[in-house]
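K.L.:
Whole structure, please, built from the sequences with the hints as guidance.
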Amino acid sequence: MEFSELIRTGRAEALLLPGPGQSPVRGTLCITSHHLLLSAGHGSPSDLWLLLRNVDAVEKRAAGNSGTITLKCKDLNVLQLEIEGLEETLDIAGSIEALSSLESVTTSYPFFYRPQSLKLGDAEDLHPPDHFYQQVALETNGWRLSTVNRDFYVCASYPTALVVPRGIGDEVLARSARFRQGGRFPVLCYYHSINGTVMLRSSQPLQGANRRRCAEDEELLKAALAQGGGRGLVLDTRSAQAVKQARITGGGTEAKAAYPGWKRLHRPLERGRPLQDSFVRLVEACTDPSLSMDRWLSRLDGCRWLTHVKEALTTACLAAQGMDREGVCILVHGAEGTDATLLVTSLTQLILDPKCRTLRGFQSLLEREWIQAGHPFQQRCAHSAYAQGRPKHEAPIFLLFLDCVWQLSRQFPLSLEFGEGMLLALFEHAYASPFGTFLCNSEKERYLCEVKTKTHSLWSSLNQSKERKRLCNPIYSPNPLALWPSVEPQSLQLWAGLFLRWTRPPEPAQEAWEQLWKIVTEKEVADPL
Amino acid sequence: MEHIRTPKVENVRLMDRTSSKKPALGTLYLTASHVIFVENVPETRKETWILHSEISSIEKQATTAGGCPLLIRCKNFQVLRLVVPQERDCQDVYISLLRLARPVKYEELFCFSFNPKLDKEEREQGWTLVDLREEYKRMGVPNSYWHLSDVNRDYRVCDSYPTDVYVPRSATAHIIMGSSKFRSRRRFPALSYYCKDTNASICRSSQPLSGFSARCLEDEQMLQAIRRANPGSDFMYVVDTRPKLNAMANRAAGKGYENEDNYANIKFQFIGIENIHVMRSSLQKMLEVCELRSPSMSDFLWGLENSGWLKHIKAILDAGVFIAKAVAEEGTSILVHCSDGWDRTAQVCSVASLLLDPYYRTLKGFMVLIEKDWISFGHKFHHRYGHLDGDPKEISPVIDQFLECVWQLTEQFPCAFEFNERFLVHMQHHIYSCQFGTFLCNNQKERRELRIQERTHSLWAHLWKNRADYLNPLFRADHSQARGTLRPPTSPCNFMYKFWSGMYNRFERGMQPRQSVTDYLMAVKEETQQLEEELQVLEETCAV
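Keeping their order, the protein sequence lines are chains A and B. First residue of the first sequence? That's 1 in full-length UniProt numbering, and the numbers climb one at a time after it. First residue of the second sequence? That's 1 in full-length UniProt numbering, and the numbers climb one at a time after it.
Heads up, some of the hints might be wrong.
As the list claims (entries may be wrong) - Derived lysine-lysine pairs resembling DSSO-like cross-links, with alpha carbons at most 30 Å apart:
#: 1; chain 1: A; residue 1: K392; chain 2: A; residue 2: K452
#: 2; chain 1: A; residue 1: K355; chain 2: A; residue 2: K466
#: 3; chain 1: B; residue 1: K364; chain 2: A; residue 2: K523
#: 4; chain 1: B; residue 1: K285; chain 2: B; residue 2: K380
#: 5; chain 1: B; residue 1: K21; chain 2: A; residue 2: K263
#: 6; chain 1: A; residue 1: K518; chain 2: B; residue 2: K364
#: 7; chain 1: A; residue 1: K263; chain 2: A; residue 2: K244
#: 8; chain 1: B; residue 1: K120; chain 2: B; residue 2: K465
#: 9; chain 1: B; residue 1: K285; chain 2: A; residue 2: K355
#: 10; chain 1: B; residue 1: K8; chain 2: A; residue 2: K518
#: 11; chain 1: B; residue 1: K498; chain 2: B; residue 2: K364
#: 12; chain 1: A; residue 1: K469; chain 2: B; residue 2: K498
#: 13; chain 1: A; residue 1: K310; chain 2: B; residue 2: K285
#: 14; chain 1: B; residue 1: K21; chain 2: B; residue 2: K8
#: 15; chain 1: A; residue 1: K518; chain 2: B; residue 2: K465
#: 16; chain 1: B; residue 1: K525; chain 2: A; residue 2: K523
#: 17; chain 1: A; residue 1: K523; chain 2: A; residue 2: K355
#: 18; chain 1: B; residue 1: K498; chain 2: A; residue 2: K310
Since the hints were made in silico from the structure, they are not lab data.
P.N.:
Rendered as structure tokens:
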């Protein structure tokens, strides 16, 4: 397929209408395979350079001999372009629609993006698959690195290397995988070095209506418990009712009798369509000019987004408390174990483990608990809040995670090495990026597409020193303790920096951020030591 | 002391509302000025002090097996849940506090016995820190259009106004007297803020006694004089901050609002801020939401919306924005009033001043602003904040709302204010505490009669002395946000208005951010300064 076939008109004269605190840009609009460019002249600083993949929805309106195109972006920005010529307007809108919705991974922009400052493959060693195991091995001898999934045969959504109890052989793992949806058998995802308790994650067991059991699966969890202190808690991210439903279609949860020592707790977390709807409604509410103060709070409540934030944080606190305070091992799963499960396991680690709160540590957490753990980014982030039509697999579970992290950073403003800029960048790149990091749905797909050798890594770009001021928290001071956030409604806030990013004037927050940096830099200058 | 039936009760438990933590066991003391709870833990012996005047209600609940619960709610939103082992002790404490929390004479208030160990001179100096003549001079008044009138010396015209009143030069004593007779409680139009750049002014008054058809030539002349004092503009706004319906109802009682036909070149406007009774019950409803035990997100958001609190806050801010815009952008003068012109009018004038003039966003300037628009113009602190036992229907969180408006602005413009959240919180505390004389009484006349300045201390001096605690490290006087008029974005900007948990839940420590950016940055700044000083010393030594 040639991109040029999709570009019906490559050029037109256009005017970009200003957003809050911006000035209009008039110039020549140009559509390329992957970008929309609007240039006011030679090297103008106000040039618009938009990745077409970022376009979530295109709306066009004709008026006389010109037209207006509204581009609603995945990063929630809304751009309005006035274009000369009716035909040009329609052609350009059509081209943008076609180019922004291409599904092929290997023809996407990351496969063409070649920034001069980076070398292909230089992120290879940033987060090696066995790095986590090396860390665990420093603390305990109870776990081993298994390569049972080296050819992605046992589980298509797992990476090649997984950490499992030392005494459990690969054949046991393979049998347990067959008893778990999508082959996601229980694996270690966090070792709490303070008391040696562990956190595992998996998908649901395929119990079915006749309550099947699997001796190898039971053996695996028994061995895990033996390593972690003897008491366990299965945190099922679905309601008991949902589990009952799941049994009819072959799923289920751990039967108490089959897994001695393990208790079970249901903490239903929203996912899938309802979560996507919640996101869409919230963005609608935040951009609704007719909404009066009388109705704003109930509208905010009606979106349910903050409720989801509260539930996610509460569940993570529960898991963290279980491990840290009660010395209990935790197994987290829902159905597939690729969405709410990862939300809980990654938040729990952020609460308990100071290592995850550094810039590198956080990247490593994301790499391990989201990317390599098989969160289907391509499906979940195919569209953002503006797209028309029924969503298929979209759900902003990763955005929900970022929101929870933002809430943590608000309550513990000194304890995270990265700032809001980092969270915003991650949100943008998860939905549309010139980098390959969030491409595909699993390590297997990334392997088949050769993502790691043919695209650049977001991490190498973010770790460049010029990004420091935007991404880092200038007032970070390492905190060795657990961060116990308050989950009372009074303590949780709408994430204005993200949801209101394009509707409120940006200067006040920017000035505050610069001032923050200035104060800290002045100290560094005064104190050369 | 005669009201204290029992000065000390042992083995009292202090319950923690939010967490399931074990209650603290300790001893409860009643003194002439405070309720004190001292925990038994020998290492810390943590103390909780409550001023009697901070207590808003005391509730004795049904005795249980564990003892007799006593609930003390405070005006600074602290809630104390005590369990007293013996029902009889509880009753004694309850009866004592009922009386102690409702003093009947000014002399019972803490400020008359409070002694911060300052000598007479220091105390007197404290009262001169904020000087309103200086302030009007700073604004550029007197000038060729405005002057200081002595018409109200000895409070002859209006007993709730200060003696110093600034009016247009062309308004003769005859006009002022005439106008004052046509205004509720004789609160005639007087200058609140003058804008040097545009010559536009903000004046304030009470409602006119217009009824359905009454007119007053002098009042019409008074407004004309105000309009003419701004030669650049051929009209002026008259803003009635009440909802139109309320203002119309007042007409039946012989009060009301200006008829555009009778006053030359005015544009009349209603703004729709609710009255003190609506605001009192709104706060009550919001506090009930704050006290819910582990509410869901929906419980909280619905409760907050139903209380209407944030809607009222926005209405006040919107009114301020409207006035600031008229003065700064249109260069038009404004007369603001409500009914008596001492509640909503004070809120709106002070919000507008704050938006217009960066000086009021500094620590000192903010004290001056409160002194100008609230204290001197006769905001009834004694009645609104229940300093002495009185009519509960007079109580209303009028200045609390103003402080919250300021907080909402500090959240929107983090670099624009010299002071921090703690400054606002402490000020709220002292409005109720009666530890200082600054907010005592309803007006200047009463304060003079009580010789407040001779017998009590000034809060401004206290806050100024501790100003290091109240600085906003992000403030930069030369920053764009600090200069010129603040322009909060208008619709859709509902989301700008947030629940102020740092005020209403401030005693629930667990709900607050666990680390303070302000304190951290102040420490960094201090360190930087020290290092720079050291460096300077070293350089000087080297030079020698």
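K.L.:
Hint by hint, say whether it matches the structure.
P.N.:
Okay, the hints, checked on the actual structure:
1. A/K392 to A/K452: Within the cut-off at roughly 27 Å; holds.
2. A/K355 to A/K466: 23 Å, holds
3. B/K364 to A/K523: 27 Å, holds
4. B/K285 to B/K380: 23 Å, holds
5. B/K21 to A/K263: 25 Å, holds
6. A/K518 to B/K364: 25 Å, holds
7. A/K263 to A/K244: 17 Å, holds
8. B/K120 to B/K465: Judged against 30 Å, a Cα distance of about 16 Å means the pair holds.
9. B/K285 to A/K355: The hint is violated at about 44 Å.
10. B/K8 to A/K518: 53 Å, violated
11. B/K498 to B/K364: 26 Å, holds
12. A/K469 to B/K498: The given pair, whose Cα atoms are some 28 Å apart, holds under the 30 Å limit.
13. A/K310 to B/K285: 23 Å, holds
14. B/K21 to B/K8: Holds, at about 25 Å.
15. A/K518 to B/K465: 27 Å, holds
16. B/K525 to A/K523: Measuring from Cα to Cα gives roughly 7 Å; hence the hint holds.
17. A/K523 to A/K355: Holds: A/K523 and A/K355 sit about 26 Å apart, inside 30 Å.
18. B/K498 to A/K310: 17 Å, holds
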